[in-house]
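2 protein chains.
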Amino acid sequence: MKQEIERKFLVADNRWRQAVGEGLLCRQGYISLGAESTTVRVRVLGERGFLTLKGPQLGISRSEFEYEISLAEAAYMLDNFCGGRVVFKTRYLLTQGELCWEIDDFAGANEGLVLAEVELESEDQPFEQPAWLGADVSCDPRYRNASLAGRPFKEW
Amino acid sequence: MKQEIERKFLVADNRWRQAVGEGLLCRQGYISLGAESTTVRVRVLGERGFLTLKGPQLGISRSEFEYEISLAEAAYMLDNFCGGRVVFKTRYLLTQGELCWEIDDFAGANEGLVLAEVELESEDQPFEQPAWLGADVSCDPRYRNASLAGRPFKEW
Chain A
1 MKQEIERKFL VADNRWRQAV GEGLLCRQGY ISLGAESTTV RVRVLGERGF
51 LTLKGPQLGI SRSEFEYEIS LAEAAYMLDN FCGGRVVFKT RYLLTQGELC
101 WEIDDFAGAN EGLVLAEVEL ESEDQPFEQP AWLGADVSCD PRYRNASLAG
151 RPFKEW
Chain B
1 MKQEIERKFL VADNRWRQAV GEGLLCRQGY ISLGAESTTV RVRVLGERGF
51 LTLKGPQLGI SRSEFEYEIS LAEAAYMLDN FCGGRVVFKT RYLLTQGELC
101 WEIDDFAGAN EGLVLAEVEL ESEDQPFEQP AWLGADVSCD PRYRNASLAG
151 RPFKEW
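Protein sequences, first through last, are from chains A and B.
Under our numbering, the residues of the first sequence are numbered 1 to 156, in order.
Under our numbering, the residues of the second sequence are numbered 1 to 156, in order.
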């Protein structure tokens, strides 16, 4: 098990686009949003498939188990097990100092939304905030991908 | 993906016990009983852990994906992700002809219930029914393990 400690931000402008390479298409869906807040997620990222279970969120921390599965299995689950609770986005990686930012440029019903996430070693780890970073939305449940799958950005 | 085609029976008496070896302790819980009837199950069987996803049941068939995971991860998920939806049983295997019967002797809140399952290649495959076999309960939802986790046999 991994303990996932994550901070999530809006982006203030497009300067980050000059610093990233090509993104990976990502399609992820929710098999369960779960009683007890356990989330079961299936994801196709580029040409790879993943199954991820996340425990209840405590502040900005969650327990997380991730398993790589075949692309065909992940695609089947996205089409048949998620009941349409699917988000589409392009994921870009941007390394700054020791940290790797994941920048998600959403598409489909969440088009127009861009979120930047960074994973930390501890909840109080200090880190340098890039100039293009916007508001901290780590604790706003609307910006969770699982929420965006059911109540997309364009409907807010 | 595997297509799971299963027949499930009560047992009429204890004659099967003379034909089996030692059973394996099994503890399995339900992370999701799912919208769209997708079930996410975690199981500890003997010293091994498994994560299994099953699609909606169509007659006696279901799509199924099973992944072996570490014993420690499975135990963590059973304790933290299942909200108490857990069944305990001892599983015995009994080979008869070309078929392998799985006989589950339930414990805890389902004590007194014994179920025998056999997996078939097709829905209409003929098979020999052992003398100790009782009623066919393949299509009775009360006998699904996921149901027994929430509404155990002793409460019927």
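Worth double-checking, as some hints may not be accurate.
Because identical chains share one entry, a pair is satisfied inside a single copy or across any pair of copies.
Stated by the list, open to error - Cut-off 25 Å, straight-line C-alpha distance, at most; resulting in silico cross-link-like pairs (SDA-like, lysine to any residue):
id: 1; residue 1: LYS2; residue 2: ASP124
id: 2; residue 1: LYS154; residue 2: GLU4
id: 3; residue 1: LYS54; residue 2: GLU64
id: 4; residue 1: LYS54; residue 2: ALA146
id: 5; residue 1: LYS8; residue 2: LEU25
id: 6; residue 1: LYS2; residue 2: LEU113
id: 7; residue 1: LYS2; residue 2: ASP79
id: 8; residue 1: LYS8; residue 2: SER70
id: 9; residue 1: LYS154; residue 2: VAL44
Since the hints were derived computationally from the structure, they do not count as laboratory data.
Practice prompt. Mind listing which of the numbered hints don't hold for this structure, in increasing order?
Written response: 2, 6 and 8
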